[in-house]
Structure formats: structure tokens, C-alpha cells
Amino acid sequence: MQAVEFYLQQIEAKKHLNAYVDVYAEEALQKAKELDEKRKSGEPLKRLHGVVIGIKDVICYKGHKVTAASHILEGFTATYNATAVERLLAEDAIIIGSLNCDEFAMGSSNENSFYGATLNAIDESRVPGGSSGGSAVAVQADLCMVSLGSDTGGSVRQPADFCGIIGLKPTYGRISRYGLIAYASSFDQIGIFGKNVPDIALALEIMAGADDFDSTVAREKVESYSSLVQESKPLRIAYFKDAIDHPSLDAEMTEAMKSYLNGLSEKGHQVTGIDFDFLEYIVPTYYVLTTAEASSNLSRFDGVRYGYRVNDENIDLTSFYSQSRSQGFGKEVKRRIMLGTFVLSAGYFDAYFTQAQKVRKQLYDQTQLIFRDFDVIILPTVPSPAFKFGEKSGDPTAMYLADIYTVYANLVGIPAISLPVFTHSNGMPFGVQAMTNQFCELSLLRFSHQMMQQ
Amino acid sequence: MVQGKDKYEVVIGLEVHAQLLTKSKLFSGDSATFGGEANTHISPITLAYPGTLPKLNKEAVELAIRLGLACGCEIERINYFARKNYFYPDLPKGYQISQHTTPICKGGFVTIRTGDGKRDVVLNRIHLEEDAGKSIHDVDDKNTCVDYNRAGVPLVEIVTEPDLHSSEEAYAYITELRKLVRYLHVCDGNMEEGSLRCDANISIRLKGETKLGTKVEVKNLNSIRNVKKAIDYEVDRMVELVEKGESILQETRSFDATNDTTFSLRSKEEANDYRYFPDPDLPPFIVSETQLQKIKDAMPALPEQLVNKYMEQLNLPEYDARVICDDGGTIHYFEKLIKHGSHAKPAANWLLGPVKSFLNDHNVSIEDFSLKPEKLADIIELVESGKVNFSIAAHRIFPALVKDGTKTALETATEMNLLQESDTDSIATWVDEVLAKMPDKVAEYKKGKKGLIGLFMGEVKKVSKGKADPKVTTQLLTEKLSQ
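Heads up: the sequence lines are chains U and W, in that order.
All letters in the first sequence, in the order written, are residues 88 to 541 by our numbering.
All letters in the second sequence, in the order written, are residues 1126 to 1608 by our numbering.
One thing to keep in mind: the hints can contain errors.
[What the hints assert, rightly or not] Covered stretches of chain U, as calculated for chain W (at least 3 residues, CB under 8 angstroms):
1. 147-158
2. 271-277
3. 298-309
4. 426-440
[To be verified] Covered stretches of chain W, going by a simulated chain U footprint (3 or more residues, C-beta under 8 angstroms):
5. 1171-1182
6. 1214-1225
[Claimed, not checked] Here are the computed lysine-lysine pairs in the BS3-like style, where the Cα-Cα straight-line distance is at most 27 angstroms:
7. W/Lys1180 - U/Lys152
8. W/Lys1183 - W/Lys1304
9. W/Lys1132 - W/Lys1148
10. W/Lys1512 - W/Lys1532
11. W/Lys1183 - W/Lys1231
12. U/Lys421 - U/Lys479
13. W/Lys1369 - W/Lys1353
14. W/Lys1304 - W/Lys1243
15. U/Lys448 - W/Lys1528
16. W/Lys1587 - W/Lys1574
17. U/Lys308 - W/Lys1267
18. U/Lys120 - U/Lys101
19. W/Lys1209 - U/Lys445
20. W/Lys1528 - W/Lys1464
21. U/Lys421 - W/Lys1209
22. W/Lys1180 - U/Lys149
23. W/Lys1231 - W/Lys1419
24. W/Lys1180 - U/Lys448
25. W/Lys1180 - U/Lys308
26. W/Lys1574 - W/Lys1596
27. W/Lys1470 - W/Lys1304
28. U/Lys308 - U/Lys328
29. W/Lys1259 - W/Lys1243
30. W/Lys1148 - W/Lys1231
31. W/Lys1209 - U/Lys418
32. W/Lys1464 - W/Lys1304
33. W/Lys1572 - W/Lys1148
Don't read these hints as lab results, they were simulated from the structure.
We put the CB at the ideal spot given by N, CA and C, even for glycine.
Sequences and hints are given; from them, build the entire structure.
Pasting the structure below:
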């Protein structure tokens, strides 16, 4: 009860950050009361008893609004629970509200939200990152204990980095996508924000695992990550030389990364710089494939069965579609739908989609070779720390190129985490990104826990 | 006939969509049953609510494989689904999930019989896909309403090569295919309800030409007869155009059943770019050797194989075997008769005789026939063992049992006092009675007119109301007349 009251007060006090789209105050208090009684009566407590969680506005919670921060879903109420939500609720978590984000999870700054941007609590003139900006700020500013985001190309790790908290993107297929509004199906994964590794580990072990409603979710065993994170051992760590020396990486951050890597060797890990030939291909490949999938995934928002529809009875079917969708979607979403429609169209499919699929396969194979010799890959999370509002919004290409370090994990389906270990001279935090092979979340979390305790 | 028609060869390829008889939809647990109150077989998945995902129905895969095996197709082991993207209100996701480029069944054939004899029609493929909902334009003045019950119902699309050359062949092909899907319980084959739908790709070319002519696709063919009519109309239209020196436009046309003509829906230029790509929500599904073997083991023998079996092993004449194997219901009934101990020939005679006439007269299908095979087997047994003669069994006992199937055949025959008498004493009494009535004939017989034995037999039959066992009767008559 006290926890819920505390967070509700915080949310109220920091309303101007615009982190929440919707707050379920009454309901959260009611649930807290029930849980208090449960505790008093001596009933055995569930694993998330009273843990206050915020969820990104792309995850369905039955009876609550879910809009993907888009006009096209304004007022839409979820009719079922996402599998992840269902599992959190079953462990007596309290879901306190839905969190702001870029429209349909497309963006890196939270500026593409129908509800306006969320502010970075460390410097309110700066973006919180995106697309899960609201989820990052909610944890950053103590507006909940743990929050859920979604990560298609860095949408959890990048805002975690910008906000100075931990953000985990699990292996593709580790957590069911059922009830997560799709951006790009073969990339999307629910991710977790927190301030310490054990919290994230616990949320992961509860949400992960097989689900009859998602054919792409893995049947791989879910380990009890939270109880096992303490262990540590020397690891074989690789980093991409070209990535650390990349011209787009902020000079101060390059130095920080280098000294961090030195520090890892000093701690007894074996650290090796390796060549990685595909760095320049990963952003284009990512945008070809994700926009292709998005153009199709977002076709269902057509104004026919739900959501925004143009209010004009005197138009034909084609105009009905084009007007409903033109008015309902924001600029960035439309840009990506058009890009995706283009790369899938008859004359260009092979040149773009097929080629990109081939690069993705090569990346995957290359990655598997790396993990034959190494346990962890280290990269920066972002090329520069949180930027100012408006700084990049006029240049989508620059914004896309900043995804260079995060999209890799989504292209090859491996787990990745951003750890807040640095502070820039401009006062903003920035992080380091660690990755392990598919379904090696346990070693990733162990490594992260060790890093966070120093 | 249209002028100059015999110069041309007709080339037809058919695409048949068959709704699979699964309990649930192709990618969700919603009921796949036909009809129902509008929008009752729906869930967030069928309605493509945000965040929903497809989950493949394994039963649908099995039915597709079953049909593929029956058609001699090659079964693909690693299978993919693609998205066919287009906007229409009856298509909830804005794309249809279809196998399109990677069908589960490749090649194969369906055997047809026409006036020209027997021939295998070559298939290109059979693939799985989901059905769309139904737009309803006439319940509301202003709006079109959509019923999503059908959306997501599993279909197989059975595509022939351009291997049919007349409307008769097309007619025979669909007739055979429908029989087959029904026999295999893959589809109910009901064209009026739309569970079996057909599109025809039609072209003509000068005889001897090897290149295909410009094709026209005709849609909306909701009966086998309409398929034939549409082809006939379309071929005439094409021949007339070409004979006039005009060219045929590549287009999609619709059949108008009110006047048996076709009209243009859209030209090739207006065709959609469907932007097919592999569905990222569905991982490839693998057909394993064990799964395939299981389906093979569960397959019933096919009608064509049964005809041969009935002829060779049961010594049935070809005509009987073919008529029995003409539809699955009759095959099942016949097989059960045999299982209950009936001999093949009498069983066939009963099915092709009294049963068939009854079903025709009452317009009942054999599936709905109230007389269970085991009861009919009892009747057949009564006749075969000489307890009742065929005519009495067919005209008296059979109708009685159809009406009331609670009693056994023997009970019914006994109650109706129809059992044949083989007891020599009673038959002797009847024989004496008859002979006493006809002294003249007896005299004539004794003088050598042996053919009169038939008359005496008939009389005994009459007097005994058919109950006198013919064998015993003949024996007694011959004895008494030679005294």
C-alpha cells in the first residue's frame, strides 16, 4: 500500500515529465489493499507481491487503454491480456499505468508520440531516448520499480542508456509477443527496465518461456535467473575494433570504452578486439527488413473494425482507407510504412528485401562463429549521449544511423543489455552494451550484476 | 456453334478453393463451422486486434496432406507461409496468410472419365491458406456489413496445370474432385454454401499451336453446372473476338448466373501488387516422416483402388463396383454390409436395387439413410438362407424395417408371417390343394407337358403367400406328379 501511494505521489509530482499515458490509481490502491490483507492473513506471498510495474503503451492489459501512442488507436481498450502481463499479474505484481513512447515504437527520441514527448529527468531539455522513453523515465524518476518496454532495434537499451538505468532486451522469442502491438515481428521483443540486475532477472524469469499464443516464442528452459546472478567467473570478451574506433562515436565515449575494456582485462577477463566486416551494413539491413514487416503489420489499422476512422459518409472505399490512415498515423510511422511498401513491391523486392535477408543470415552465421570463441560481446550502446529536443528530428537518416550499435542484437536475435557505467562531461549518463549468445541470459545477467557492483 | 470454333483448342486451368473440415480456424481456436449467427465465431485473433498472433492448426495441415497423398502429390517437408497484402474490409489483418510460393503438395493428378475415356488431369499444386470474411451489402441501406465468421477458416487451393480442354472435362474434373474431398472428409464439397469454390483460367489457341493464348480468369462459379456454362460462354466469346480479328484482353471476369454470361471485373493493369513476403509470425513448419506415415496409415483406400479390389477380390462385375465406388457414403455402407457378413454380390444387388430406388424416391442421401447396414445385412441373410424370398424381402420387410428399425429382420418377418415354409408337411398340403384344384393341368403334365411345373409352382407360391420354400416345393411337386 505504502509503495503504491509513494509511486502515485511521485507520478503526480513529476507529471510534467509526461512519462505516463494513463495511471490506474484507484485500481492500484485497491490491489495494494488486497495484497496487504493477503500478507496479514499469512498467505504465502507470490514472487512479485506488490511490485509496482509500468508498461509501455504497446502492451495489452485487459480493460485498459492501449494506443501505441497513436491517434489511430486513440481510446482503444485492450480486450485481453498480453502473455507477459498475464504472468506478472499471476505473481501479484501491481500494474500502475501505461507509459509514453514513440508512435508504434518507431523512433529514438520519444518525439513521435501522439501525447507529446517524455522529458529526460536528468536534463529536461534532453530526450529520454526511444522508443520506450516513458518506460525509461518511469524507472529513472522513481515512478515505478520496474517497467516494460519493447525493443525492435534498441528501443529499450538506448533510452536506458540516455536515462542512466539498466535496460535488457532478451533473446528473440524468450518472452511471448502475444499482446505486444507489433512493429517488426521478427525483431520485436519485450524488454525490461530497472535499477538493479536482480529485479530485471526476476521479471524476466517470470515472463519468459513457451506460450501457446505465439508460435515464435522459444521452448528453451527458463532458468531461475534471479537466484543465480550472484555467481561470476572470468569470461572471454570480444569487442568490434571498428565499432570502438568508429568516426560517429563521440570522442569522449571512445576513450571511456577503451579504459572500460582495459579495466575488464585487469579484472581477469580475457578481452580481445576482433574484426567485424558488416558494421556498415547493419543499419540499412535493419531498416529494409523492419519497415517491410511494419508496412504489413500496420495494415490492420484501417478504421474498419476499431480505431480512428475518417468521418465522411460520401467517400469510396479507397478514400476511406487512405484518409483514415493518413489522418490516423503520424509522420514517422507513415514514412516507415511507405519505405516498407516500397521494398516489398514487385520491382524492388529482390534488390532490397531479399538482399537484406541474405545479409541478416550472414550476420547470424558470423555471430555464431564469434560465440564459438567468446562468451560476451561488448559494444557502446549509442554513439552519443542524450541529445536535445529538436536536435535530430529534422534528419531521419541521422536518427537512423545512431542505431548502429543496438540493431545488431535484434538482427541476430541475441540478448543485449545496456549498463549505466559512465557520465559524460556534459552531465549526461551513458552506458556500455553487453551481449551473449541466444538464450544465454544467465551469463549476461551474471556479467551485468558483477559490472554493476563495482 | 460459333463460326470457326473447331479451328481452336481450348485450354483451361482450374483453381478450386476447398474449406477444410477442421473444428477450428487455420490460425486460431475459433470455430470453423459454416454459418452461425454473424460474428459469433470470432476472437481478438480473428478480428486482428492489436498484438494478436497466428498459431497454426495442425489438423488443417493433416487434411491438406491427406488430399495431397490421394492425388499422388509430392509432399513438401519444410513449409512456409507468406503474407498476401491488400486492403479489403473482409480481410481483418490487411493481409491473407497463404502458402502461395511454397505449396505443401506439389504435382499430382485427378483421374477423370468423359465420353473420350479415362485421363489424368495434372495438378500444379495444393496449398494451404485462410479464408476471408463475408461482406454483406443488403442488410443496411447505407453501410456494408461484414461477417467475420468465415475469416480465418482453413482452405486448400487445388490448382491444375492448364490441362483441361473442354467444359466437359472441367465438369468431370470438379465432379471427381468433389467426390474425392468428400470421401476423404477433407471438405463437405458444398458449392452453394461456398465451401467449394472454383475460378477458371480460360484461353484458346489455334490447334497445333504450342504457346498459350491470352487467359481470362472467371470467378464466382458456385456450381459445377455454372463452371461448364461459364466456360462455354467464354470460349464462344473468345472465338468470336479472334475470328473478328480482335484481340483478347487479359482480365478477370465474373459469371452472371441470371443469364449465363460473364462480365469484366478488372483488367490486368488494375491488378494488385500483393507484396508477398514470408510471414515472420510463423516459423517454418516441418512435416516429419512419422507424421507423414501416420497420415498414410490412416488413409482409407481410394475409390479407384476399391473398384479394382471389388472386382478382383469380391468378383463384382465392373458396373457394380463402379456404382458403389461412385460416392463415399455408398462405399462406407457397402463395406459395413460386408463386415456384417453379407456376400458381395447380394450386397451390391441390394444397394443398387431396393436401397438406391428408395433413396431416389425419397430424395435421401445414403449418409442420412435410417436403415443401418447391420439391419440390411440381416435382411440379406434371411434371403440368402432361404427363409424369405428376395421379392418379399424387398417389398415387405425392407420398407417395414426402414420405417421401424428397432426390431430385427427376423422378428419383423415372423410378425408379418412372411417366413418361408420349408416344413415338408405344410408345403405338401399346399401342393395337394393346388393339384386338386387343377386336374386338367395335372393330366396334361402327365401326358408330357412338363413346362406346366412353373404354373404349379406359381400357384403354390400364391396359396402359400410366398412362404413356400421353392426348392422343397419343386421337389414335392415332381414327386406327387410322377405318382
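Each hint, compared with the structure:
no., hint, verdict
1, 147-158, "holds (count 3)"
2, 271-277, "holds (count 3)"
3, 298-309, "holds (count 5)"
4, 426-440, "holds (count 6)"
5, 1171-1182, "holds (count 10)"
6, 1214-1225, "holds (count 5)"
7, W/Lys1180 - U/Lys152, "holds, 25 angstroms"
8, W/Lys1183 - W/Lys1304, "holds, 24 angstroms"
9, W/Lys1132 - W/Lys1148, "violated, 50 angstroms"
10, W/Lys1512 - W/Lys1532, "holds, 17 angstroms"
11, W/Lys1183 - W/Lys1231, "holds, 19 angstroms"
12, U/Lys421 - U/Lys479, "holds, 18 angstroms"
13, W/Lys1369 - W/Lys1353, "holds, 24 angstroms"
14, W/Lys1304 - W/Lys1243, "holds, 16 angstroms"
15, U/Lys448 - W/Lys1528, "violated, 70 angstroms"
16, W/Lys1587 - W/Lys1574, "holds, 22 angstroms"
17, U/Lys308 - W/Lys1267, "violated, 55 angstroms"
18, U/Lys120 - U/Lys101, "holds, 24 angstroms"
19, W/Lys1209 - U/Lys445, "holds, 22 angstroms"
20, W/Lys1528 - W/Lys1464, "holds, 24 angstroms"
21, U/Lys421 - W/Lys1209, "holds, 20 angstroms"
22, W/Lys1180 - U/Lys149, "holds, 21 angstroms"
23, W/Lys1231 - W/Lys1419, "holds, 20 angstroms"
24, W/Lys1180 - U/Lys448, "holds, 25 angstroms"
25, W/Lys1180 - U/Lys308, "holds, 21 angstroms"
26, W/Lys1574 - W/Lys1596, "holds, 20 angstroms"
27, W/Lys1470 - W/Lys1304, "holds, 24 angstroms"
28, U/Lys308 - U/Lys328, "violated, 34 angstroms"
29, W/Lys1259 - W/Lys1243, "violated, 39 angstroms"
30, W/Lys1148 - W/Lys1231, "holds, 26 angstroms"
31, W/Lys1209 - U/Lys418, "holds, 25 angstroms"
32, W/Lys1464 - W/Lys1304, "holds, 23 angstroms"
33, W/Lys1572 - W/Lys1148, "violated, 77 angstroms"
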